[in-house]
Structure formats: structure tokens, C-alpha cells
Amino acid sequence: MSYKPSEQDLMAYLYGELEDDKREKLEQYLLENPTARLELEKMNGLRHMLAQVEDKEVIAPPIFVGEHPSQRFWQAPYMKTIMGIAASLLVVILVAKFSGLSIRYQQQELRISFGDAPEVKTVSPVTQPAVAALTPEQVQDMINNSLQQNNATLQASLDETQKKLNASINQSLALNSGKIDKLVQQASTASEAQVREFAASLQTENAKLVKSYLQLSANEQKQYVEGLLVDFAKYLQQQRNDDLQVVRTQINSLQQNNDVFRKETEQILTSIISKVSTRSNVGMAN
Amino acid sequence: MTETLLDIAMMHSDTLLVRAKEGDQAAQGKLVQLWYKRIYNFGYKFFMDHDMAMEVSQKTFISMCRSLPSLQDNARFKSWLYKIAVNYCREEARKRKGNRSLSFDVVWNREAEDSPAWETSSQRFDNPERQLQQAELSDVLQQALHELNDEQREVVIMKEYEGLKFREIAEVLNISENTVKSRMYYGLDGLRKILERKNINKDTIGYEL
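Listed in order, the protein sequences are those of chains F and A.
Just so we're aligned: the first sequence equals residues 746 to 1031 in the numbering used here.
Just so we're aligned: the second sequence equals residues -17 to 191 in the numbering used here.
Just chain F, with the same shape it has in the complex:
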């Protein structure tokens, strides 16, 4: 018999997971091969030994799992791309803005420049006026004249406005200072009167308060003392009544005792008398 079980079959057999037909075959083999049997037994012994390892006790810590991240529309992949493009465009625009980049397309030419945009020289063909009648000196004179005239009129108008301004400022200053003085005075007098009034009202109020308080406390005291006196009188009366009762009961008991005593003595007396009389009778009879 050339059957020799594979390692896999041995393992499956060891853990009882071998199919029935294979198992029979293997068991047969083991019967015939003591060395293989020994090896399997060793394995089984090892398993028993391994079973000595016990589980460690552990307490499960609370596991917090956040809400499932809901797929928001800006988290969608295509949205991310769009946002990326938008962001980079923004960056480009900002950089262009700060570096002063300017791009212009004008008159069939494209200009890209940094910094201030250069003045585009649109050189229009200057039409030379035909004023050849005037010499440069004349022109200079004319310019000088007009300049002087301008200066004079400007100076005049400046002076005038200066004067006007000064006048109006002075006027308004005078007016305002008068008003302010008046206001301040008014305020001070008013405040003095008010303070006095306030103090007076405070005083009267205080006096009233103290008066009413005194009155109230006097009344209360009077009531309290009256109550106290009444209570005390009642107490005295009660005490006297109690005393009287005690005296009365004692007198009664005394009287009763007396009565009892008297009755007893009477009985004793009668008994003595009767005894004596019987004795005398007996004596007489003897």
C-alpha cells in the first residue's frame, strides 16, 4: 500500500475536519505505521498543552463611531476637480493683480506687461497750425501777459475770500461765546437751586421716615407690653386658682381623715364599752 497522507490531511484529521472516506484511509494507515501515529499523538499532546493558555479577560471600551460621513455634493469627485480649477484660477488672478500684470490686445498687437501699463502712444498726426504770422517773442509775451493777468485775478479773489472767511469766523465766534456763557450761567444757577431743593426734600423725607418708624415701633411696643401684662395677669389668676384648688383638696382630705378617725374612735369606743359591759355582766354572773 503506497498511500501516505499529506500534511494537509494530517492537519484536517487532527482537527476533525477530514472527509469520511479519507479519514478511514488515514486511520488504516495510522494502524500500520506506529511512527506516524506517534507523531500525531505528539501533535495532539502539544494541542493539549496549548490549551493551557487561557484567554485574558478584557472589558470592551466604548467604541464611538461618528455618523457615516454623508456624501455632500462638494465632496463628490467631479466637484473637487471643479473646485480645484476655480481655486487655481483665483490664485492666478490674485497673482496677476498683485504683480500688476496686464494683457491687452490692441491694434493687432498683444501686450503683456508687469507693473504700470505703459502709456500707449497713440501718435496722432499733429496738424501743424499755420500761425506763422507770430514770432516766438510775441507768443512768449502773450503767454507772459495772460499769466500775469491770471495771477492778479487769482490773488485778488483769494484775498477777498480770505477776508470774508475771517469776518464770518469772528462773527460766529462772538455769537457762540455769548451763547455758551449764557448757557453755562443758566445751568449753574439752575443746578444750585435744584441741589438745595433736592437736599430739602431729602431732609423732609428722612424726617418723615424716622417719625413714622418711631411711631410704628412705639405702637408695637405698647401692644407688646399690654399683651405681656394681660398674659401675666392671666397667669397670676391661674396660679391663684390652682393654689386655691390645692388648699381645698387638702382641707377636704383632712376633713375626711378626721371623719374616718372619728368613726374609728367611735367604733373602738363602742367595742370597748360593749366588752366592758359584757365583762361586768360575766363578773356579776360569776
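Be careful, since some hints might not be right.
Claimed, not checked - Subject to a maximum C-alpha distance of 16 angstroms in a straight line, what follows is the list of computed EDC-like cross-link-like pairs (lysine to aspartate or glutamate): (1) F:Lys801 with A:Asp31; (2) F:Lys801 with A:Asp121; (3) A:Lys19 with F:Glu802; (4) A:Lys19 with F:Glu799.
As the list claims (entries may be wrong) - Only some residues are given here: those of chain A computed to face chain F with a beta carbon under 7 angstroms: (5) Tyr26; (6) Phe29; (7) Met30; (8) Lys163.
To be verified - These stretches of chain A come out as covered by chain F in the derived footprint (C-beta under 8 angstroms, 3 or more residues): (9) 9 to 23; (10) 68 to 78.
Because the hints were derived from the structure by calculation, they are not lab data.
Note that CB positions come from ideal geometry on N, CA and C, so glycine has one too.
With chain F's structure known, arrange chain A on it following the hints.
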């Protein structure tokens, strides 16, 4: 076994799963409670480190809650969950490999100071029985498990401690069932060799117990 109990709970948790998929936070919380211990222990055995295990399990469950609606077949929830966990474990392991700094706990291990260090103490090496008495057996086993390579360790933990079927492990790791079985075989073989080297066998265990 806790696995079977869990399986029963899983049967009942089918409705839980449906509710959790619909976004019911209470149902998700219950699902986390139900599975946290398993995933944590998987992570712990993978890294032998509490903090890493916590990290991985928290990441796993956060990811689970987020991507539950994308789970097609409710019956495959278990392997789906372990798949997430395994991926995070691998990620963390990769990160840790790149990270050259050592955590303070590794540099100065209080437990190691108190107990005889398994691997390094040479003066105690002549007396394995005493070592065995003093060190926790399960620590030794986990240490041995930790010495396997990642691929074998994943498979051994999932099979031996998490009780997944070979088919499920294959689903988790996206490999063929036969590959899973042979990884398991070599994993067990490797473990046996490691333990033999540490002079631990059935007899010493019996003595210890």
C-alpha cells in the same frame, strides 16, 4: 469552550447583525461587546502586548462599525471580522518593525525583574524544573508562540484559540485551504521544536501540574 458559546450567541446575533447593518448603534455596541474579548485575545497572542492588542481591537471594531453595511453575507461575519483584525495586526507589526525606538516597558520590564527571565538568565539555565515552577506555563507557551513567524502564528492562533475552521481561515487570509493546513502543520512542528529546546514536554508539564 468559549468558541461554541460564542457560536450560539452568533446564531442569536443574526438579527443583531441585521440591525447593526442598518445602523442601529445599540446593536453595534452589543456586537462589539460580544466579539471584543475574542479579537483582543487574538491580538494579544499575536503581539504578546496588551497595548498593541487594545490598539488593534479598537481599530478593528471602529472599522467594523463603519463598513458593516458592505458585508454581503451575514454567515461570513466571523471570517470577515478576523480578516479586518489580521490586516490591522499586520499593519501594526509592519509599523513596529520600522520603529526603532523601544518602549519603556521593553527596556525596563518590572515583571522580568521580579521573575527569572526565561530566555536570558544563564545561571538558572541548568535547572529547568525550577524555572518551570516559577514561571507561568501560559507565559512560556505564549512566548513560544511568539517565536513563530507571523504567517504560522496567525494560523495557529486562529485555529487553536479562535476555533475557526480551515475553510474560514483560508477566507480570512485569502489563501487556499491547503496552504492554511500546511502552515498549521509547520506551525505546530515549529512550536514543538521550540518547546523541546526550552526543555518543556509532557512530563515536565505533568510535574508542574
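Do the hints match the structure? See the list:
{"no.": "1", "hint": "F:Lys801 with A:Asp31", "in the structure": "holds, 11 angstroms"}
{"no.": "2", "hint": "F:Lys801 with A:Asp121", "in the structure": "holds, 12 angstroms"}
{"no.": "3", "hint": "A:Lys19 with F:Glu802", "in the structure": "holds, 7 angstroms"}
{"no.": "4", "hint": "A:Lys19 with F:Glu799", "in the structure": "holds, 12 angstroms"}
{"no.": "5", "hint": "Tyr26", "in the structure": "holds, 6 angstroms"}
{"no.": "6", "hint": "Phe29", "in the structure": "violated, 12 angstroms"}
{"no.": "7", "hint": "Met30", "in the structure": "violated, 11 angstroms"}
{"no.": "8", "hint": "Lys163", "in the structure": "holds, 4 angstroms"}
{"no.": "9", "hint": "9 to 23", "in the structure": "holds (count 8)"}
{"no.": "10", "hint": "68 to 78", "in the structure": "violated (count 0)"}
Violation of the numbered hints given earlier is confined to hints 6, 7, 10; the remaining hints are satisfied by the structure.
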